[in-house]
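Here are the chains, one letter per residue:
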Amino acid sequence: MEPLLQVRDLAVHYRTAAGQVRAVDGASFDVPAGSIVGLVGESGCGKSTLGRALMGVMPRTAAIVAGRAVFEGRDLVTLSPAEHRKLLWRRMSFVPQTAMNALDPVQRVGNQILEVLTERGGLAKGAAAKRAEELFALVGLDAGRLRDWPHQFSGGMRQRASIAIALALEPALLIADEPVTALDVIVQRQVLDVMRALQARLGLAMILVTHDVAVVAYACDRVVVMYAGRVVESGPVRAVLEAPLHPYTMGLMNAFPDLERAGGDLVPIEGAPPSLLNPPSGCRFAPRCPFVEARCAADPVLVEESPDHHAACWRTSEAPLLRPRAAEAVTWSR
Amino acid sequence: MQSASAVSGHPAKPGAVRRAWGFLRSQPFAFVGIAIYLLFALVAIFADQVATHDPRQILFSGTFRVARYLPPSMTHFLGTTAGGRDVFSQLVYGTRSALTVGVTAAFCVVVLGTLFGLLSGYLGGWVDRLVMRIADVVIGLPFLPFVLVISALTRPSTTTLVASVALLLWPNTARVIRSQVLSLRERGWVEAARVTGCSPTRIIFVHIAPQVAPLAALYGSIAVGWAILTEASASFLGFGDPSAISWGLMLQDAFNNQALSRGVWAWFIPPGLCIVLLVLAGFLISRGSEKLLFPKLGD
Amino acid sequence: MKRVLGRLGHALFVLWAIASLTFLLFRLMPGDPTLNFLSESFSDEMRLALLNAFGLDKPLHEQYLLYMWSLLQGDFGVSFLQKRPVLDILLEALPNTAALTVSALVVAYAFGIIAGAYLAFARGTVVEGIAIPAALITRAAPEFWLGMILLAWLSFGLGIFPASGANVAGSEFTSEWARLTSADFLWHLVLPALTLALYLQGLPLLLMRATMLEVLNDEFIVMARMKGLSRWAIVMRHAARNALLPVATAFALGLGQSFGGNVVIETVFSWPGLGRVLVSAVQGADYPLAQGAFIMIAGVLVLMNMVADLLYAWLDPRVSVGAKR
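Chain order of the listed sequences is A, B and C.
Numbering (the working numbering) for the first sequence: 71 to 404.
Numbering (the working numbering) for the second sequence: 5 to 303.
Numbering (the working numbering) for the third sequence: 10 to 334.
No lab work stands behind these hints, which were simulated from the structure alone.
Built from N, CA and C at the ideal position, the CB exists for glycine as well.
A portion of the hints provided could be inaccurate.
[What the hints assert, rightly or not] Each pair of labels, with its calculated beta carbon distance range:
#1 Ser183(B) - Arg85(A): 30 to 40 Å
#2 Arg132(C) - Thr188(A): 49 to 59 Å
#3 Ala322(C) - Gly192(B): 33 to 43 Å
#4 Gly26(B) - Glu374(A): 49 to 59 Å
#5 Gly196(A) - Val13(C): 51 to 61 Å
#6 Ala197(A) - Gly83(C): 52 to 62 Å
[As the list claims (entries may be wrong)] To give a feel for the contact side, a few chain C residues facing chain A, derived at Cβ under 7 Å:
#7 Phe229
#8 Asn251
#9 Leu253
#10 Pro326
#11 Val330
Can you make the complete structure from the sequences, with help from the hints?
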């Protein structure tokens with residue numbers, strides 16, 4: 071079956087005073103219908119930019135400069151603004167980071183749902199009010215809260231309200247930008263559980279943009295790992311996290327504490343990602359990679375090493391040998 | 005790496021001058037504002053050279069006819085007043101009173117406002133409450149009416165004017181400085197100074213004051229404009245110092261002597277224009293300085 | 010409700026302080042204070058009556074109590090020059106000032122809000138490059154000078170508008186309301202109100218533009234775009250509503266400040282309002298009238314400051330409705 075969303079070689083550049091920042095520089099991955107895909111990477115890797123670029127709402131200084139994003143058979147990149155607007159919120163919607171101002175502070179929360187239902191969903195006020203209550207029930211919020219103002223909600227409640235608004239028109243795809251980052255751990259779990267339950271019940275696809283691998287491990291079916299504006303690995307979550315093919319992913323796995331094997335040291339990846347103003351040629355992870363070789367001076371391409379598991383590294387075939395070495399701290403020390 | 009100046013033996017040129025120049029070139033607003041101030045200051049200083057006549061002298065055309073309402077000409081660039089005085093010379097000498105009043109009043113406002121803001125913000129408690137209460141009352145006083153009443157009850161003079169402007173305008177500066185002091189008070193280095201036994205006076209004036217100085221200066225540049233406008237209004241209404249030469253008095257003179265109905269534009273347009281320029285200069289400088297003082301404020 | 014009472018109490022305190030200050034001002038000036046309240050033109054009976062009423066021969070603290078007591082009863086004393094109660098004179102002038110101030114502010118703010126919102130979208134265009142300096146210039150110009158220009162041009166020059174006064178001399182009206190709504194009054198109102206509006210519009214324009222620019226960068230506006238809402242809905246329903254909060258407060262504050270600031274405009278246009286009453290009273294050493302006019306102007310200012318405070322709290326749900334979990 072065709073994936074719901076197929077991204078190929080997408081590139082998004084920002085104009086800045088210092089020059090062009092190539093925030094996303096050739097990203098390719100698939101989102102099958104009804105799956106939850108985690109888009110993971112460190113700050114500045116381009117994942118948030120990618121999420122917003124798919125929605126087509128970016129700052130004036132940013133633009134998609136290359137690539138395709140085929141959603142339900144149509145390329146989002148070449149769509150006219152009018153056509154694009156028809157898709158917005160009806161077929162794909164967005165849940166922002168838990169910022170206070172994601173909701174209009176001078177409008178009641180209920181009105182903000184009603185607005186979407188009546189303006190874009192064409193519902194009459196009565197039907198819209200009923201639907202708003204249903205949506206709140208879906209995310210586990212009390213219907214009485216619809217009359218409240220945004221500042222009266224806690225962070226977790228605001229996130230759930232945002233999710234309710236995002237589901238208002240029953241989209242096929244929900245993009246969530248760091249949906250649980252600003253929440254404490256217990257609330258994180260609650261919100262993620264809500265999202266998983268919704269996905270199971272409504273069958274929509276989700277993209278969860280996050281820097282937290284634990285979130286991906288907990289909530290996602292598939293994972294896409296980004297580094298320096300590129301996709302370096304993608305595949306089913308178990309395959310990628312338990313048997314990573316790319317050295318960066320291997321390093322990521324080391325950086326998270328494992329409760330089962332308590333007492334081990336956390337192993338950080340030394341160094342920092344390259345500047346996206348003038349990215350180096352060749353593999354972008356090479357300067358920090360413990361397995362770097364001469365051929366890494368050439369840009370690796372995304373290859374399908376095992377079914378449905380892609381990685382962009384020249385040494386993916388040797389991954390089973392590299393993994394045990396990657397698990398040792400001494401491999402990563404300079 | 006040795007600097008060139010160390011090699012040549014001269015002391016290194018202070019970076020401050022280069023930085024100031026760089027700042028000016030990057031901030032066209034502030035540059036224009038400072039240029040305007042400089043221009044007026046030069047005219048004020050060299051008024052004797054720039055003016056064509058004695059501003060107070062009544063001029064005659066012919067033996068007995070006073071040179072009233074003369075149109076602009078090569079001898080009288082802006083013509084003459086109803087009383088036969090040269091408008092241009094009055095305009096030139098008017099810069100002196102405008103700048104004196106403006107700068108003095110602004111200085112007083114800044115000093116008063118900063119002082120109260122510092123004390124109120126740092127000491128808190130009853131000092132804070134008292135100062136803020138007084139500020140509330142002062143803010144409740146209608147500005148121009150108060151200036152008029154004071155000028156009438158004492159004799160109208162530049163000093164009373166400057167004093168009343170300073171007395172009424174300090175609260176806004178004080179409140180803003182107080183806010184800044186409140187946040188600075190919690191910083192680590194203030195706590196450190198307290199712990200090492202610095203007296204409050206020292207902390208306030210040696211440590212905190214320099215930090216609020218830029219903000220105070222910002223308000224000062226705006227206060228100059230306000231003071232000049234107030235002086236002009238007061239003089240126009242007849243409450244300014246009648247023996248001084250000021251643009252406000254020129255406008256009053258023009259208004260009272262049918263300059264409007266006669267259409268003597270050269271008489272009443274230029275003084276107003278000068279006021280606009282000088283007040284505008286204050287706005288421009290404060291707008292331009294915002295970037296330097298508060299770089300995090302994106303445009 | 011608590012907040013309203015609190016602000017009211019605060020306003021009353023400030024008013025009391027200002028009244029006391031005025032008391033001190035007029036009595037502690039050098040010279041014989043009784044002269045401030047008694048003019049040679051008064052007959053002897055009047056002088057005695059006034060001396061008694063004001064207690065001018067009594068010690069200062071007794072005078073003060075008498076003064077406050079009379080104020081509370083609305084007795085502002087008697088005007089020297091016009092020989093009638095000050096309050097009557099003030100109440101005649103009040104509607105004129107109110108009409109001038111309110112109409113000028115409404116025009117200024119209506120224009121400023123719309124222009125400011127428009128400019129927020131016209132960033133980086135030529136229009137912005139011209140409009141912003143123009144707005145700054147109107148804020149830098151003395152209002153009476155603007156009035157003079159308009160007078161010379163539109164009244165004396167082109168003869169369109171009358172040059173002074175609020176009504177043609179000698180006209181009679183059935184009631185105050187009839188006078189205020191008469192075509193004659195309104196026609197006289199145009200120039201002074203226009204001048205004041207020209208001077209005042211700079212603030213709402215620049216303020217609205219600045220707040221709009223801030224608001225348009227807020228996350229919820231980005232969200233509104235992602236929801237595919239129409240441009241109109243985004244700007245009017247979401248952006249403008251948020252941006253109007255400080256502007257509404259400024260309106261209330263401006264009302265209070267303009268009441269006193271109208272002094273110069275009223276002089277230029279010979280507009281018979283409170284400001285003009287104050288100026289002529291001060292010039293003519295008619296101190297009870299001057300005192301009364303000053304207190305009334307201050308009263309409006311303090312009242313509007315309070316209104317502005319409450320208005321902001323009421324309009325912003327973050328302030329009026331506390332957080333509840």
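Tested hints:
no.: 1; hint: Ser183(B) - Arg85(A): 30 to 40 Å; result: 36 Å, holds
no.: 2; hint: Arg132(C) - Thr188(A): 49 to 59 Å; result: 31 Å, violated
no.: 3; hint: Ala322(C) - Gly192(B): 33 to 43 Å; result: 35 Å, holds
no.: 4; hint: Gly26(B) - Glu374(A): 49 to 59 Å; result: 55 Å, holds
no.: 5; hint: Gly196(A) - Val13(C): 51 to 61 Å; result: 37 Å, violated
no.: 6; hint: Ala197(A) - Gly83(C): 52 to 62 Å; result: 59 Å, holds
no.: 7; hint: Phe229; result: 5 Å, holds
no.: 8; hint: Asn251; result: 6 Å, holds
no.: 9; hint: Leu253; result: 9 Å, violated
no.: 10; hint: Pro326; result: 4 Å, holds
no.: 11; hint: Val330; result: 6 Å, holds
Comparing the model with each earlier hint shows violations of hints 2, 5, 9; every other hint is respected.
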